[in-house]
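Peer 1: Sequence:
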Amino acid sequence: MLTVISVLALSFVLAACGGSAGGSQGGGGNVSGNINIEGSSTVQPITQAAAELFREENPEARIEVGGAGTSDGFEAFCQGDTQISDASRPIDVAEEVPVCEENGVEFIEIPVAFDGISVVVNKEGNDWATDVTAEELKMVWEPAAEGEITRWSQVRSDWPDRELSLYGPGTESGTYEFFNEVIVGNEEEVNRSDYEASEDDNVLVQGVSGDENALGYFGYSYYENNLDALKALAVDGVKPTADTIRSGEYLLSRPLFIYVNTDALKNNKAVRPFVDFYLSEQNLDRLVEAA
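Each residue of the sequence shown is one higher than the last, beginning at 317 in the working numbering.
Check the hints yourself; a few may be wrong.
Quick list of simulated restraints, FRET-style, between CB atoms [to be verified]:
#1 K582 with Q395: 39 to 47 Å
#2 E417 with W444: 46 to 54 Å
#3 W444 with D552: 12 to 20 Å
#4 A460 with N419: 37 to 45 Å
#5 G396 with G463: 39 to 47 Å
#6 Q598 with A460: 47 to 55 Å
#7 P476 with E597: 42 to 50 Å
#8 R378 with W444: 48 to 56 Å
#9 T557 with G526: 36 to 44 Å
#10 T446 with K585: 48 to 56 Å
#11 R378 with T466: 45 to 53 Å
#12 Q598 with V413: 44 to 52 Å
Honestly, the hints are just simulated from the structure, not real lab data.
All C-beta atoms in this analysis are idealised placements derived from N, C-alpha and C, irrespective of residue type, glycine included.
Given these sequences and hints, build the entire structure.
Peer 2: Structure representation (structure tokens):
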């Protein structure tokens with residue numbers, strides 16, 4: 317599961333847009349309309365769970381939830397093609413906000429959970445792999461490592477002299493951008509390109525779980541849902557857990573967001589009930605658990 321943060325303060329945000337988050341929660345089967353949602357594959361399971369539960373109570377509502385990645389989600393959102401954008405990083409003030417402004421898209425940013433990017437290996441036969449430092453991760457993932465750091469023993473001398481296979485998100489992923497900002501630390505926020513990349517975290521899970529030489533990274537929920545096949549490494553001595561992610565003690569902790577088009581919030585009859593449903597205290601906990 318993902319670590320849930322309080323959303324009580326968001327009622328004031330929604331009230332400022334013409335209503336109250338404490339009002340309708342989408343019950344009664346009276347809501348109809350279409351909502352298009354795109355963005356983070358990390359947030360997608362929460363939003364997909366919300367959509368499915370909401371449709372159980374409101375079968376006339378049509379909600380499409382994609383997981384193409386945070387950057388692609390913002391591109392569609394700022395063009396006005398979607399009403400809600402899932403994001404594993406804040407919107408880029410320099411590059412993405414101006415596009416929204418050019419297209420007259422105003423929005424509110426709503427944090428919904430905390431996630432911890434998990435650095436994982438295949439669980440089978442890797443008892444020696446228990447921890448990694450941020451400096452070692454940089455050594456592995458920085459652009460200069462491409463074609464050079466290809467064996468585990470190059471990272472730490474007492475690790476096996478085995479091939480190092482890398483798995484990670486594609487360049488449109490907010491997880492990719494956050495990881496590289498924190499770990500690689502270069503201005504371009506990019507890492508080496510000779511790795512197995514996918515915007516679909518389930519593909520990365522399958523890759524790592526099927527490769528005894530694998531090292532990969534993705535959202536905590538994907539690790540937690542595959543404990544039988546994956547092993548998470550401590551980073552700088554701290555393992556990703558609900559508590560260390562919530563407290564920020566874990567280095568790769570980060571907030572997750574949904575962005576809501578304020579015009580849609582006012583004028584699309586399905587958006588406000590869905591957002592109210594999503595953020596209600598009694599629902600958010602079970603949505604995260606369902607994800």
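Peer 1: Next, verify each hint and record whether it holds.
Peer 2: Cross-check of the supplied hints:
1. K582 with Q395: 39 to 47 Å: violated (19 Å)
2. E417 with W444: 46 to 54 Å: Because 52 Å falls inside the window, the suggested range holds.
3. W444 with D552: 12 to 20 Å: Distance hint for W444, D552 holds at roughly 18 Å.
4. A460 with N419: 37 to 45 Å: holds (39 Å)
5. G396 with G463: 39 to 47 Å: Holds, since G396 and G463 (Cβ atoms, about 42 Å apart) stay within the stated range.
6. Q598 with A460: 47 to 55 Å: With Cβ atoms ~50 Å apart, the hint holds.
7. P476 with E597: 42 to 50 Å: The hint (42 to 50 Å, Cβ to Cβ) holds, given that P476 and E597 are roughly 48 Å apart.
8. R378 with W444: 48 to 56 Å: Since the Cβ atoms of R378 and W444 sit about 50 Å apart, the hinted range of 48 to 56 Å holds.
9. T557 with G526: 36 to 44 Å: violated (26 Å)
10. T446 with K585: 48 to 56 Å: Holds: the Cβ-Cβ distance is about 53 Å, inside 48 to 56 Å.
11. R378 with T466: 45 to 53 Å: Distance hint for R378, T466 holds at roughly 48 Å.
12. Q598 with V413: 44 to 52 Å: With Cβ atoms ~33 Å apart, the hint is violated.
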